[in-house]
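Student: Turn these sequences into a full structure, and let the hints steer you where they fit.
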Amino acid sequence: MKRMGKIIIAGLCLGLPLLFVKIVFQIPDDLFWKYYLICGGIAVVGTAAFNLLYNRRYLKKMQAAVHLLESNRAEEYVTEVESMRRLAKGRFANCMLTINLSAGYCKLKQYDKAAELLESISDVKLSGDLELVHRLNLCLCYFYQKQTGRAMALYESSQRILNPYRSSKLYGGNIAVLDIYAAIGHKDYARTAKLLQTARSTWDNPRFLDDYCYLEENIHQTQ
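Residue numbers 0 to 222, in numbering that gives the first Met the number 0, belong to the letters of the sequence shown in order.
There's no promise every hint is true.
Unchecked claim - Once the Cα atoms are required to be at most 25 Å apart in a straight line, the calculated SDA-like pairs of lysine to any residue come out as: (1) Lys112 x Leu68; (2) Lys145 x Asp111; (3) Lys112 x Tyr143.
Treat the hints as calculated values from the structure; they're not laboratory data.
Just so it is clear, the structure is predicted and the values come from calculations on it, not from any experiment.
Tutor: Rendered as C-alpha cells:
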C-alpha cells in the first residue's frame with residue numbers, strides 16, 4: 000500500500016506540471032499523452048534503478064561487515080550494522096539490516112534482543128531469502144530462550160519456506176540445526192541423535208560447533 004501511495008503521489012507530481020504546460024502552450028491531447036507516458040515511464044524506471052542501486056550499496060556494506068562476525072568480533076559487527084540501520088531508508092534495506100543485526104545479538108547470546116528485533120518486522124511482507132532467514136533466526140531464538148511452544152509453532156508453519164533451502168550450501172546447515180532442536184521439542188531423542196550425526200558429517204562449518212556441542216549435551220542428559 001505504501002509503495003502504491005508513493006507511485007500515485009509521484010504520478011500527481013509529474014502530471015500536474017505537465018497539465019499546466021499543456022494548457023499554457025495549448026498542446027494537442029494526443030501529443031500531450033504521448034509525452035506524458037514517455038516521461039512517466041522514464042520516472043518509473045529511474046525510481047526503480049535508484050532503489051536497486053541503493054539496496055545493492057547496503058548489500059555490499061553488509062557483506063563487508065560479515066567478516067567481523069566470522070572473526071568472532073560480534074560486538075564490532077553489531078556496532079557496524081546498528082550504524083547502517085540507523086541511516087537506512089526503505090523497507091528492504093531496513094529489514095535486511097534488522098535480520099542481520101539479530102544474527103550479531105545471537106552470537107553474543109543476547110537472544111531476547113535478537114528476538115525483539117525480528118518480531119519488530121514480523122508483520123512486514125517478506126519474500127525469498129529475507130523471509131527464510133527471518134523465520135529461521137526467530138525460530139532458533141525461541142528455542143534458545145526455552146520458548147519451545149512458540150518455536151515449534153513457528154517451525155511447523157515454516158516448512159513450506161524451509162524445504163526448498165534444505166540442500167542449500169548457504170542455509171542448509173542452519174536448517175539442519177533447527178531440525179535437531181525441533182526433534183528435541185518433539186522429545187524424539189533417537190531421531191535427534193541421528194539428525195545430529197548426519198549434520199556433523201554434512202555441515203562441518205565451525206560456526207555450527209557451539210550448537211552441535213549444546214545439542215549433544217542435551218541428548219546425553221536425556222539418556
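Student: With a cut-off of 25 Å on the C-alpha distance, tell me whether Lys112 and Tyr143 pass.
Tutor: Answer holds: Lys112 to Tyr143 is near 12 Å, not above 25 Å.
Student: Holds or violated: Lys145 with Asp111, Cα cutoff 25 Å?
Tutor: holds, 11 Å
Student: Measure nothing beyond the straight line between the CA atoms of Lys112 and Leu68; if it is 25 Å or shorter, mark the hint as holding.
Tutor: It holds: about 17 Å lies between the C-alpha atoms, which stays within 25 Å.
Consistency with the previously given hints is maintained throughout, with no hint failing.
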